[in-house]
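Q: Taking the hints into account, I'd like the entire structure generated from these sequences.
Protein chains: 2
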Amino acid sequence: MKLSEAKQQFISTWGAMGTHWGINRTMAQVHALLMISPDPLTQDDVMAQLNISRGNVNMNVRDLIDWGLVDRVIISGERKEYFTAEKDIWKVAKQIIKERKKRELDPMMKLMDQLSKVDGDKKDKELKTFLDAINGIKKFGAHADNMLDVLVKSDESWFLSTALKLFK
Amino acid sequence: MKLSEAKQQFISTWGAMGTHWGINRTMAQVHALLMISPDPLTQDDVMAQLNISRGNVNMNVRDLIDWGLVDRVIISGERKEYFTAEKDIWKVAKQIIKERKKRELDPMMKLMDQLSKVDGDKKDKELKTFLDAINGIKKFGAHADNMLDVLVKSDESWFLSTALKLFK
DNA sequence: AAATATTTTCAATAATTACTGAAAATTCGA
DNA sequence: TCGAATTTTCAGTAATTATTGAAAATATTT
Chain A
4 MKLSEAKQQF ISTWGAMGTH WGINRTMAQV HALLMISPDP LTQDDVMAQL NISRGNVNMN
64 VRDLIDWGLV DRVIISGERK EYFTAEKDIW KVAKQIIKER KKRELDPMMK LMDQLSKVDG
124 DKKDKELKTF LDAINGIKKF GAHADNMLDV LVKSDESWFL STALKLFK
Chain B
4 MKLSEAKQQF ISTWGAMGTH WGINRTMAQV HALLMISPDP LTQDDVMAQL NISRGNVNMN
64 VRDLIDWGLV DRVIISGERK EYFTAEKDIW KVAKQIIKER KKRELDPMMK LMDQLSKVDG
124 DKKDKELKTF LDAINGIKKF GAHADNMLDV LVKSDESWFL STALKLFK
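Note that the protein sequences, when read in sequence, are chains A and B. FYI, the numbering used here numbers position 84 of the first sequence as 87, with every residue one higher than the one before it. FYI, the numbering used here numbers position 44 of the second sequence as 47, with every residue one higher than the one before it.
Hints were generated in silico from the structure; no laboratory data involved. Treat the hints with care, as some may be off.
Because identical chains cannot be distinguished in the list, a pair is counted as satisfied if it fits within a single copy or across any two copies.
Said to hold, decoys possible - In silico lysine-lysine, PhoX-like type, Cα no more than 20 Å apart, as pairs:
{"#": "1", "residue 1": "Lys-141", "residue 2": "Lys-156"}
{"#": "2", "residue 1": "Lys-142", "residue 2": "Lys-83"}
{"#": "3", "residue 1": "Lys-94", "residue 2": "Lys-141"}
{"#": "4", "residue 1": "Lys-142", "residue 2": "Lys-131"}
{"#": "5", "residue 1": "Lys-104", "residue 2": "Lys-126"}
{"#": "6", "residue 1": "Lys-105", "residue 2": "Lys-120"}
{"#": "7", "residue 1": "Lys-142", "residue 2": "Lys-90"}
{"#": "8", "residue 1": "Lys-101", "residue 2": "Lys-90"}
{"#": "9", "residue 1": "Lys-131", "residue 2": "Lys-90"}
{"#": "10", "residue 1": "Lys-156", "residue 2": "Lys-126"}
{"#": "11", "residue 1": "Lys-128", "residue 2": "Lys-90"}
{"#": "12", "residue 1": "Lys-5", "residue 2": "Lys-128"}
{"#": "13", "residue 1": "Lys-94", "residue 2": "Lys-126"}
A: See below:
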């Protein structure tokens with residue numbers, strides 16, 4: 004298989020995968036492109052390689068920067084902005100875990116706390132089932148939160164060696 | 004807060020959360036409704052409670068069954084089908100991990116194996132960066148795969164006690 | 001400060017995804 | 001086996017989400 008073909012396939016699949024994770028296809032494709040590009044790219048490079056408009060590139064790159072997955076790069080003597088992505092997949096994963104925890108898990112747990120204050124007769128089957136569900140999620144969330152925190156703070160070698168032994 | 008209100012909020016938030024995870028809003032809402040319902044519900048119950056059409060309920064319930072998150076229940080003497088959802092959130096999480104691993108991680112790893120066979124001059128910077136990315140993902144994926152396998156095979160008490168100590 | 005290059009915004013539009021509802025298929029009881 | 005109840009399918013439509021492209025804003029050079 005030729006490199007150009009392989010790149011194309013990687014970008015396309017990474018994009019499709021993104022849609023299964025609540026990430027828009029193009030954003031995932033831009034990320035994929037930057038991950039396999041040795042040097043930083045400009046908006047025009049991305050436009051050309053993915054065949055998308057300037058506005059689209061701008062928007063998605065900005066989102067990727069918000070996620071902490073892409074950085075602006077200043078190249079001295081150049082007027083244009085360049086963009087580059089973190090290439091260490093472990094760091095990428097940690098960053099995504101960190102962001103999703105902040106954006107999703109934390110607010111969800113806050114809501115569960117509120118919902119567990121629901122009032123009514125504890126003997127009521129409806130209420131009991133509801134509270135059991137909420138409390139189950141709270142407990143699970145607290146543990147997941149903890150686990151993810153440790154994961155995010157750990158380094159790659161820990162993940163690649165120790166973690167496995169512990170799990171086995 | 005009243006129960007009916009709390010339920011409504013839970014269903015709505017669980018649905019919104021679904022969209023961040025590549026799951027359609029309605030499917031997540033149906034799941035939420037079944038999780039907090041003490042008794043199995045019929046298609047008509049779900050239609051009434053979520054204000055959606057019969058076809059929509061049918062489709063989403065079928066998907067939830069495919070995901071292993073909802074079961075058909077036969078109630079003797081009743082002609083209609085009833086549906087119920089697993090209420091133990093740890094089992095729900097394990098099931099989702101299992102399915103996503105099968106549907107997403109496994110195929111992705113298969114693709115990486117293919118892409119790592121790309122041919123060309125190993126000195127080429129473009130090729131080198133590409134291969135580094137692919138191999139990084141392969142290595143990461145193999146470990147994640149392993150970790151998730153152990154998680155899925157472990158039981159709740161392990162998660163709630165041992166896992167934390169190990170991680171700390 | 002004017003000219004030029006570059007980035008950002010956002011209303012209009014396109015593309016995608018989800019939903020409805022009625023017809024077809026299936027199931028089940030009599 | 002027939003008829004009624006129930007489930008499933010799916011073409012048409014609605015709702016949502018993503019993209020374009022050109023105008024406005026910003027930054028840089030001369």
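Q: Evaluate each hint against the coordinates.
A: How the hints compare with the structure:
{"no.": "1", "hint": "Lys-141 - Lys-156", "result": "neither (23 Å within a copy, 22 Å between copies)"}
{"no.": "2", "hint": "Lys-142 - Lys-83", "result": "neither (49 Å within a copy, 35 Å between copies)"}
{"no.": "3", "hint": "Lys-94 - Lys-141", "result": "between (28 Å within a copy, 15 Å between copies)"}
{"no.": "4", "hint": "Lys-142 - Lys-131", "result": "within (16 Å within a copy, 45 Å between copies)"}
{"no.": "5", "hint": "Lys-104 - Lys-126", "result": "neither (35 Å within a copy, 40 Å between copies)"}
{"no.": "6", "hint": "Lys-105 - Lys-120", "result": "neither (23 Å within a copy, 38 Å between copies)"}
{"no.": "7", "hint": "Lys-142 - Lys-90", "result": "between (35 Å within a copy, 14 Å between copies)"}
{"no.": "8", "hint": "Lys-101 - Lys-90", "result": "within (17 Å within a copy, 27 Å between copies)"}
{"no.": "9", "hint": "Lys-131 - Lys-90", "result": "between (48 Å within a copy, 12 Å between copies)"}
{"no.": "10", "hint": "Lys-156 - Lys-126", "result": "neither (43 Å within a copy, 35 Å between copies)"}
{"no.": "11", "hint": "Lys-128 - Lys-90", "result": "between (52 Å within a copy, 14 Å between copies)"}
{"no.": "12", "hint": "Lys-5 - Lys-128", "result": "between (63 Å within a copy, 15 Å between copies)"}
{"no.": "13", "hint": "Lys-94 - Lys-126", "result": "neither (49 Å within a copy, 26 Å between copies)"}
Violated hints, in rising order: 1, 2, 5, 6, 10 and 13; the structure is consistent with all others.
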